[in-house]
Each structure stands twice: as C-alpha cells, then as structure tokens.
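K.L.:
Protein sequence lines, in the order shown, are assigned to chains A and B.
Counting from 1 along the first sequence, just add 1455 to a position and that's the residue number in the working numbering.
Counting from 1 along the second sequence, just add 1455 to a position and that's the residue number in the working numbering.
If you are wondering where the hints come from, they were derived from the structure by calculation, not from laboratory data.
Glycine residues also receive a C-beta, built at the ideal position from the N, C-alpha and C atoms.
Among the hints, erroneous ones may be present.
What the hints assert, rightly or not - Okay, derived cross-link-like pairs now, SDA-like style, lysine to any residue, Cα gap no bigger than 25 Å in a straight line:
1. A:LYS1535 to B:PHE1512
2. B:LYS1485 to A:PHE1533
3. A:LYS1537 to B:ILE1475
4. B:LYS1535 to A:GLY1539
5. B:LYS1485 to A:ILE1523
6. A:LYS1485 to B:LEU1536
7. A:LYS1483 to B:ALA1468
8. A:LYS1537 to B:ILE1478
9. A:LYS1537 to B:LEU1500
10. A:LYS1535 to B:ALA1472
11. A:LYS1485 to B:LYS1485
12. B:LYS1485 to A:ARG1488
13. B:LYS1483 to A:LEU1484
14. A:LYS1483 to B:PHE1533
15. A:LYS1485 to B:ALA1468
16. B:LYS1537 to B:LEU1527
17. A:LYS1537 to B:LYS1485
Claimed, not checked - Pulled from the structure, derived: some chain B residues nowhere near chain A, Cβ distances all over 10 Å:
18. ILE1469
19. LEU1474
20. SER1486
21. PRO1515
22. ILE1518
23. PHE1519
24. ALA1522
25. ILE1523
26. GLY1529
27. PHE1533
28. LYS1537
Unchecked claim - Partial selection, computed: residues in chain B whose CB lies under 10 Å from chain A:
29. MET1456
30. GLY1459
31. ILE1465
32. ALA1466
33. GLY1467
34. CYS1470
35. SER1473
36. ILE1475
37. GLN1477
38. LEU1493
39. THR1495
40. TRP1505
There are 2 protein chains.
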Amino acid sequence: MPTGELLGFIAGAICTASLIPQIIRVFKLKSAREISLLFTTLMLLGFFIWIAYGISFRLPPVIFWNAIAAILAGTLLFAKLKYGR
Amino acid sequence: MPTGELLGFIAGAICTASLIPQIIRVFKLKSAREISLLFTTLMLLGFFIWIAYGISFRLPPVIFWNAIAAILAGTLLFAKLKYGR
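Model the full structure from these sequences, guided by the hints.
P.N.:
What follows is the structure, encoded as structure tokens:
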C-alpha cells in the first residue's frame, strides 16, 4: 500500500475506532445525559451519506469504514435513547 | 458540482457539524464526565492524519473539512479537560 493510501487507511480506522471508548464509557456509566442527541443523529446521517458517496464513486474503503462507523454511531444513539434522560 | 461530489461535500459538512451540538451541550451542562477522553483524543489524532492525507494527495476539501473538524474536536477535548472530572 503506498504511503498516502496507508495514511487514509490509518486515519479512517482511528476516527472510526474512536467511537468505541465513547460507547463503552456510556454503557459503563449507564448514563448518556451529556451526549447530544443531535450529535449522534447528525453523525449517523453523515455516515449514511458517506456510504452513498462511496457507492457512487465505487470506493470500497469509504463504504467499508463508514458502514462500521454507522454501526458504532447507531450503537451510541441506542445508548443515548436508553440512558439519555 | 456533480452529484457525487455534492454527496461528499454534504456528508463531510454534516459529520463535522455534528460535533457542534455536542460541544454546546457539554459547555451548557458544565460537565463532561460521560465524554470519553480516549474518544476525543483519538478523533483529534485521526483528523490530523486525514489532513496529512489531504496534503499528500492535494485534496483541498479533505484538508479544509478535517481542519474544521480538528478545531471542533480540540474544543471538545478542552471541554473534557475542563469539565471532565
């Protein structure tokens, strides 16, 4: 993999993975009052549009990372709805 | 702007902008206990690597959106350090 491509791969992996500790924290504390509902909803919407973009330009890494990110954002949204009040 | 490009523009704008209500919420509640420090730090690191990727491939929109995103993630990290305990 060329250096540039590798950078994009690492950046996407880190940004996507960053959601994991946030999800763990909310489930551990059983509280998501401080998590913004608009944040989780907009982020999820953004990832869906990125997937559409990836399909439109046939970019498998964009589709792949944003599908993972959408699952994670969906999990955070679930946690917000469950523990958010 | 072709439809595909427009999708990418909108996706980037929404994902980046999603951080704004999260930042507002933390500053309003003056509490960031539920915000994961690892989440904000990894996300910020990821945006910096995206900027390096954008510079490497000369992609001004990638540089632009990730610079904005890095400023927002930096603000959330600041809020976490200030209100996080």
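K.L.:
State for each hint whether it applies.
P.N.:
Right, here's what the structure says about each hint:
1. For the given pair, LYS1535 of chain A sits about 37 Å from PHE1512 of chain B by alpha-carbon distance, which is inconsistent with the 25 Å threshold.
2. At most 25 Å may separate the alpha-carbon atoms for a hinted pair to count; LYS1485 of chain B and PHE1533 of chain A meet this at roughly 24 Å.
3. Pair hint LYS1537 of chain A plus ILE1475 of chain B holds up; C-alpha atoms about 22 Å apart against a cutoff of 25 Å.
4. About 18 Å separates the Cα atoms of LYS1535 of chain B and GLY1539 of chain A, which keeps this hinted pair within 25 Å; it holds.
5. The hinted pair formed by LYS1485 of chain B and ILE1523 of chain A fails the criterion: a straight-line CA distance of about 31 Å is larger than 25 Å.
6. Proposed proximity of LYS1485 of chain A and LEU1536 of chain B is supported: the alpha carbons are some 21 Å apart, at most 25 Å.
7. A distance of roughly 31 Å separates the Cα atoms of LYS1483 of chain A and ALA1468 of chain B; the hinted pair therefore is violated under the 25 Å criterion.
8. In summary, the hint linking LYS1537 of chain A to ILE1478 of chain B is supported, as the alpha carbons are separated by about 21 Å, within the 25 Å threshold.
9. Restraint check for LYS1537 of chain A and LEU1500 of chain B: the C-alpha separation of about 29 Å exceeds 25 Å, so the hint is violated.
10. Taking the CA atoms of LYS1535 of chain A and ALA1472 of chain B, the gap is near 19 Å; set against the 25 Å cutoff, the hint holds.
11. With a C-alpha separation of about 19 Å, the suggested pairing of LYS1485 of chain A with LYS1485 of chain B holds against the 25 Å cut-off.
12. Pair hint LYS1485 of chain B plus ARG1488 of chain A holds up; C-alpha atoms about 12 Å apart against a cutoff of 25 Å.
13. Restraint check for LYS1483 of chain B and LEU1484 of chain A: the C-alpha separation of about 20 Å stays at or below 25 Å, so the hint holds.
14. Taken as a hint, the LYS1483 of chain A and PHE1533 of chain B pair is honoured in the structure, with Cα atoms around 23 Å apart against an allowance of 25 Å.
15. About 31 Å separates the Cα atoms of LYS1485 of chain A and ALA1468 of chain B, which puts this hinted pair outside 25 Å; it is violated.
16. For the given pair, LYS1537 of chain B sits about 15 Å from LEU1527 of chain B by alpha-carbon distance, which is consistent with the 25 Å threshold.
17. Between LYS1537 of chain A and LYS1485 of chain B the alpha-carbon distance is near 22 Å, which keeps this suggested pair within the 25 Å criterion.
18. Not every CB of chain A lies more than 10 Å from the CB of ILE1469 of chain B, the least distance being 4 Å, so the non-interface label is violated.
19. Residue placement check: LEU1474 of chain B does not keep its beta carbon more than 10 Å from all beta carbons of chain A (closest about 7 Å).
20. With a least beta-carbon separation of about 6 Å from chain A, SER1486 of chain B fails to lie farther than 10 Å from that chain, contradicting its non-interface assignment.
21. PRO1515 of chain B, annotated as away from the interface, keeps every beta carbon of chain A farther than 10 Å; the closest lies near 15 Å.
22. Residue-level check passed: ILE1518 of chain B sits 12 Å from the nearest beta carbon of chain A, beyond 10 Å.
23. A cut-off of 10 Å between C-beta atoms confirms that PHE1519 of chain B is not in contact with chain A; the least separation is 15 Å.
24. Look at ALA1522 of chain B: its CB is around 13 Å from the nearest CB on chain A, clear of 10 Å, so calling it non-interface holds up.
25. Even its closest Cβ contact with chain A, about 13 Å, leaves ILE1523 of chain B beyond 10 Å, as expected for a residue assigned away from the interface.
26. Listed as a non-interface residue, GLY1529 of chain B keeps its Cβ farther than 10 Å from every Cβ of chain A; the least gap is roughly 14 Å.
27. Listed as a non-interface residue, PHE1533 of chain B keeps its Cβ farther than 10 Å from every Cβ of chain A; the least gap is roughly 15 Å.
28. Distance to chain A confirms LYS1537 of chain B as a non-interface residue, since its nearest Cβ pair spans about 13 Å, more than 10 Å.
29. At a threshold of 10 Å, the smallest CB-CB gap from MET1456 of chain B to chain A is about 13 Å, leaving the interface hint violated.
30. At a threshold of 10 Å, the smallest CB-CB gap from GLY1459 of chain B to chain A is about 4 Å, leaving the interface hint in force.
31. The restraint placing ILE1465 of chain B at the interface with chain A holds, with a minimum CB-CB distance near 6 Å, inside the 10 Å limit.
32. Hint on ALA1466 of chain B holds. Least Cβ distance to chain A is approximately 4 Å, under the 10 Å limit.
33. Because the beta carbon of GLY1467 of chain B sits about 8 Å from the nearest beta carbon in chain A, less than 10 Å, this interface hint is met.
34. A hinted interface residue such as CYS1470 of chain B counts as satisfied when its beta carbon comes closer than 10 Å to some beta carbon of chain A; here the least separation is about 3 Å, so the hint holds.
35. The interface hint given for SER1473 of chain B holds, since its Cβ lies 4 Å from the closest Cβ of chain A, which is under the 10 Å cut-off.
36. With a least beta-carbon distance of about 8 Å to chain A, the hint placing ILE1475 of chain B at the interface is held under the 10 Å criterion.
37. A hinted interface residue such as GLN1477 of chain B counts as satisfied when its beta carbon comes closer than 10 Å to some beta carbon of chain A; here the least separation is about 4 Å, so the hint holds.
38. For LEU1493 of chain B, the interface hint holds, since its Cβ comes within 10 Å of a Cβ in chain A; the closest pair sits about 4 Å apart.
39. Checking THR1495 of chain B against chain A: minimum C-beta separation of about 8 Å stays under 10 Å; hint holds.
40. Checking TRP1505 of chain B against chain A by beta carbon gives a least distance of about 4 Å; that is within 10 Å, so the hint holds.
In the structure shown, a violation is registered for the earlier hints numbered 1, 5, 7, 9, 15, 18, 19, 20, 29, in ascending order.
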